[in-house]
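With these hints in hand, go ahead and build the complete structure from the sequences.
Line by line, the protein sequences give chains V and G.
Here our numbering runs 48 ahead of the position in the first sequence, where the first position is 1.
Here our numbering runs 27 ahead of the position in the second sequence, where the first position is 1.
Please keep in mind that the hints were generated in silico from the structure rather than gathered at the bench.
Because the structure is a prediction, the values reported are computed rather than measured.
Treat the hints with caution; some may be incorrect.
Distance condition first, Cα-Cα at most 30 angstroms in a straight line; then the derived DSSO-like pairs of lysine-lysine [unchecked claim]:
(1) G/K69 - V/K87
(2) V/K151 - V/K93
(3) V/K151 - G/K69
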Amino acid sequence: DIQMTQSPSSLSASVGDRVTISCRASQNIINYLNWYQQKPGKAPKVLISAASRLQSGVPSRFSASGSGTEFTLTITGLQPEDSATFYCQQSYRPPRTFGQGTKVEIK
Amino acid sequence: VQLVESGGGLVQPGRSLRLSCAASGFTFEDYAMHWVRQIPGKGLEWVSGINWNSGSIDYADSVKGRFTISRDNDKKSLYLQLDSLRVEDTALYHCVKDASLNPNSRGGVFDYWGLGTLVTVSS
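Structure, rendered in structure tokens:
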């Protein structure tokens with residue numbers, strides 16, 4: 049199975065900050081990388097597909113990039129409602145494995 | 028789109044449980060579906076996926092031979108039969124819609140998720 053490793057596992061930032069989350073794949077997954085956001089008590093929601101494609105309705109402060117084995121999710125101008133856990137997921141080869149998650153807290 | 032899971036509960040190791048997922052708001056038979064589980068406070072683990080006509084089914088190694096996924100397109104429902112349950116199967120089980128017809132499509136996305144149903148395996 050392809051292993052997905054996220055860093056950091058958690059972070060605390062202030063409203064308005066720029067936040068970056070990294071995701072590394074154990075092998076080349078080209079750009080078959082999705083990002084999900086899960087707020088406490090809620091179901092996960094897809095934010096980004098194909099490494100950088102913002103899903104409809106997702107605020108433009110979210111962006112993502114990367115290819116091969118290294119990927120990043122960036123929140124530019126962190127908002128209180130962005131407090132959540134973020135997961136990356138590869139869809140290059142089954143099983144579609146997830147990273148362990150990055151919890152973002154607002155200071 | 029709505030995905031509503033049911034059937035979870037407290038069960039002893041070795042026993043069985045059947046989870047159901049009622050889907051609405053989309054053409055159910057046009058999409059692959061999955062079960063993804065989450066240990067409370069922990070990460071996400073894909074469990075099983077099924078294509079639109081039940082012709083392609085896959086399982087995580089951790090549940091292969093013990094869990095069975097199925098669907099009824101007429102009833103717009105997804106199921107997961109959990110047999111020979113273990114303590115480590117304790118988790119919140121989410122019903123998940125795929126954006127594709129097939130569960131192993133390269134580039135596939137889990138575009139809608141249910142809130143989940145909690146399965147607790149304990150003696």
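**Given hint V/K93 paired with V/K151 - CA-CA distance at most 30 angstroms** = 15 angstroms, holds
**Message:** What's the verdict on V/K151 and G/K69, does the C-alpha distance respect the 30 angstroms limit or exceed it?
**Reply:** Answer holds: V/K151 to G/K69 is near 11 angstroms, not above 30 angstroms.
**Message:** So if I understand the rule, the pair passes when the alpha-carbon distance is 30 angstroms or less; does G/K69 with V/K87 pass?
**Reply:** 13 angstroms, holds
This entry satisfies every hint, going by the numbered hints stated previously.
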